[in-house]
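Could you build the full structure based on these sequences and the hints that come with them?
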Amino acid sequence: MQEDTIISIRNLSKDFKLPHQKMNSVKNAFTNAFSLGNRTFEVQHALKDIDFEIKKGDFFGIVGRNGSGKSTLLKILAGIYQPTKGSISVKGKVVPFIELGVGFNPELTGRENVYLNGALLGFSEKEVDTKYKNIVEFAELERFMDQKLKNYSSGMQVRLAFSVATQLAESDILLIDEVLAVGDASFQKKCFEYFKKLREAKKTVVFVSHDMSAVEQYCTNGILVEQGAIVQKGKAAKVADEYKKLFINQYNTVTSKTKRPIIGNGNALFEDVSLKTIQKKSREYIILKVDIRFINDFEKPIFGFSIKPENLLQLAGTNTLVNDIEIGKQHANTKLTIECKIPNIFNNGIHYVDLNLAQDKTSVVADRWAEAASFVVKRKQTAPYPIVLDETIINFKEQE
Amino acid sequence: MNKIKQRYRYSAVLLKQLVKTDFKLRYQSSFLGYLWSLLKPLFLFGILYVVFVKILKVDYGVPNSGIYLLLGIVLWSFFAELTSTSITSIVGKGDLLRKLNFPRYVLVLSVSLTAGINLFLNFMVVVIFMIISSVAVSKESLLAPIIFGELFIFALALGFYLSALFVRLRDINYVWEVIMQALFYATPILFPITLAPLWLQKVLMLSPLAQTIQDLRYLLVSKQTSTITDVYNNNPYIRLVPLAITMILFVTGALYFKSRSKYFAEEV
Numbered sequence: 001m002q003e004d005t006i007i008s009i010r011n012l013s014k015d016f017k018l019p020h021q022k023m024n025s026v027k028n029a030f031t032n033a034f035s036l037g038n039r040t041f042e043v044q045h046a047l048k049d050i051d052f053e054i055k056k057g058d059f060f061g062i063v064g065r066n067g068s069g070k071s072t073l074l075k076i077l078a079g080i081y082q083p084t085k086g087s088i089s090v091k092g093k094v095v096p097f098i099e100l101g102v103g104f105n106p107e108l109t110g111r112e113n114v115y116l117n118g119a120l121l122g123f124s125e126k127e128v129d130t131k132y133k134n135i136v137e138f139a140e141l142e143r144f145m146d147q148k149l150k151n152y153s154s155g156m157q158v159r160l161a162f163s164v165a166t167q168l169a170e171s172d173i174l175l176i177d178e179v180l181a182v183g184d185a186s187f188q189k190k191c192f193e194y195f196k197k198l199r200e201a202k203k204t205v206v207f208v209s210h211d212m213s214a215v216e217q218y219c220t221n222g223i224l225v226e227q228g229a230i231v232q233k234g235k236a237a238k239v240a241d242e243y244k245k246l247f248i249n250q251y252n253t254v255t256s257k258t259k260r261p262i263i264g265n266g267n268a269l270f271e272d273v274s275l276k277t278i279q280k281k282s283r284e285y286i287i288l289k290v291d292i293r294f295i296n297d298f299e300k301p302i303f304g305f306s307i308k309p310e311n312l313l314q315l316a317g318t319n320t321l322v323n324d325i326e327i328g329k330q331h332a333n334t335k336l337t338i339e340c341k342i343p344n345i346f347n348n349g350i351h352y353v354d355l356n357l358a359q360d361k362t363s364v365v366a367d368r369w370a371e372a373a374s375f376v377v378k379r380k381q382t383a384p385y386p387i388v389l390d391e392t393i394i395n396f397k398e399q400e
Numbered sequence: 401m402n403k404i405k406q407r408y409r410y411s412a413v414l415l416k417q418l419v420k421t422d423f424k425l426r427y428q429s430s431f432l433g434y435l436w437s438l439l440k441p442l443f444l445f446g447i448l449y450v451v452f453v454k455i456l457k458v459d460y461g462v463p464n465s466g467i468y469l470l471l472g473i474v475l476w477s478f479f480a481e482l483t484s485t486s487i488t489s490i491v492g493k494g495d496l497l498r499k500l501n502f503p504r505y506v507l508v509l510s511v512s513l514t515a516g517i518n519l520f521l522n523f524m525v526v527v528i529f530m531i532i533s534s535v536a537v538s539k540e541s542l543l544a545p546i547i548f549g550e551l552f553i554f555a556l557a558l559g560f561y562l563s564a565l566f567v568r569l570r571d572i573n574y575v576w577e578v579i580m581q582a583l584f585y586a587t588p589i590l591f592p593i594t595l596a597p598l599w600l601q602k603v604l605m606l607s608p609l610a611q612t613i614q615d616l617r618y619l620l621v622s623k624q625t626s627t628i629t630d631v632y633n634n635n636p637y638i639r640l641v642p643l644a645i646t647m648i649l650f651v652t653g654a655l656y657f658k659s660r661s662k663y664f665a666e667e668v
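First to last, the protein sequences are chains G and A.
1 is the number of the first residue of the first sequence in our numbering; add one for each residue after it.
401 is the number of the first residue of the second sequence in our numbering; add one for each residue after it.
Since the hints were made in silico from the structure, they are not lab data.
Computed from a prediction, not measured in an experiment: that's the story for all the values here.
Beta carbons are placed, not taken as given, at the ideal position from N, Cα and C, and that holds for glycine.
Just so you know, not all the hints are guaranteed correct.
To spell it out: a stretch of chain G is covered by chain A in this simulated footprint if at least three of its residues, at any positions, have a beta carbon under 8 Å from a beta carbon of chain A; those stretches are [what the hints assert, rightly or not]:
1. 71-82
2. 97-103
3. 122-128
What follows is the structure, encoded as structure tokens:
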């Protein structure tokens, strides 16, 4: 290991054994003891041949899609899971923020929870004493510290937990899961200010996320994990680019036809969805094509869609009612294809499309398909706005 | 060396806070608070005293048979509390295990210490009764802490086994309840050991639980208590058998717990 290498992972693999028959009662253990050979496991390879190292002062990003294995990797780094194969060596103390407020107990007061949470992170009462004032001030909860936690609002709880974590953590290595960055806008701002401070202080941080703007902004380097293996490592920008490509590849083939929860009365269902782009006179359009199957006779269908970038809940959208289009009555067991041509006014990054079908009134939902498809926008220039009004006609006239 | 010190410092910090929290939570919303931990064995004692000493007139062959009975019940309550709370000590903190890496044995130790503190409080009640009844205490009574220690280690050893087993086999707690019922009557708590035929006495007294309870009664209440050496013709070496059982259980229990604890986070 080199002088400045602080974490080194060599050929690490992690398998989870998922028994086909759950064996957690004594009776099962007895009956199965006679048929040990028959006991079958499904081995899930969560991580395969992971190999990388992190140097002192790195702000290291681990990115990947849901279920890619990045959280498993973080838990191995934190020492919570043991690797099946390979080795991991860590120099120094690791403080994990896999979740805020680990061990918080609603029956204890705010003050008692601070000390309990502190102890779980490895800080004695004396050590917490010296920081206690800062913690309370930072959380802005001076008046509430002697109330039980169950009387706190969820926002107050998050504030307290975050305050304990950030004010106490002075360890060598911080592991931060993306869950840290949830919450309202002002809380997110606080989070990012904290990241900035960590980066300026040259702390070693391992940051798991799929918010590429945060990765590009704070990470120095990182890895991209896909299906349990590293597919890219190096500079953060390169890793983030590669991550976005994962979505571009899906661009035409389109996402999940897998099972999804049906939200609505089920009189009609979305069957298929596809996305593609077309160029027209240097303008780019997104073509959204949707197949709907009508199960029952259907009066006055209203179709709508909305588009959001990954860090917002809602951004843009429309529906046939707003656009003043009447589809008319549909009969049972018929299929309808709708095509929308949407001007690409979106900023760089990943965007998701939600689909909606309502009956007569927008409040009567027949089917709703959240994140039915996704696409990535790549512009030459990143704009500081979620919507880019690049079709705006701008004139200028030079004057003497 | 420094790293080992660090590791134990962390355990100590955590242990202290967990025990504290446990105490706060347990008696927080009850009116009588800590008193309950004293009242519970006292009520049990009251009932058993009336039934066994006053109605059945069981002859324990010792003076102060009330205190003799009380001490036995207090010790049994401690054993029962430690083992039954340790069963769920790991599974009950599953949420924590999945999110933090800390020495897992701290969880078992914290419920054991809570039981130990309760034993101490209960024992103080016994001492008060001893003072009231002016029980004569000899120099030998100073050996009592060693026997208390043996009992604690024996219970802790079982705690390690039970808590680790419970992660994989979820009906261990029912199995343990049944074993406890049997153990209660296999230990001379309510009945004088001399009631049993000699061969059975010899077998029963090999249990570390029976041996420690009788030894403590001998040291603290009455010299007429029948101990393991009495049953084995005053052979002093026989005491090594329950001691060996305790030590073997403790070492193997701790090792078993250690080897399983790596996988608690995944299995819980």
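Taking the hints in turn, this is what the structure says about them:
For the stretch 71-82 of chain G, the proposed coverage by chain A is satisfied: 6 residues have a C-beta within less than 8 Å of a C-beta in that chain, meeting the threshold of three. Coverage of the stretch 97-103 of chain G by chain A holds in this model, with 4 residues showing a Cβ closer than 8 Å to a Cβ of that chain against a need of three. Residues of the stretch 122-128 of chain G with a Cβ under 8 Å from some Cβ of chain A number 4, which satisfies the need for three, so the listed coverage holds.
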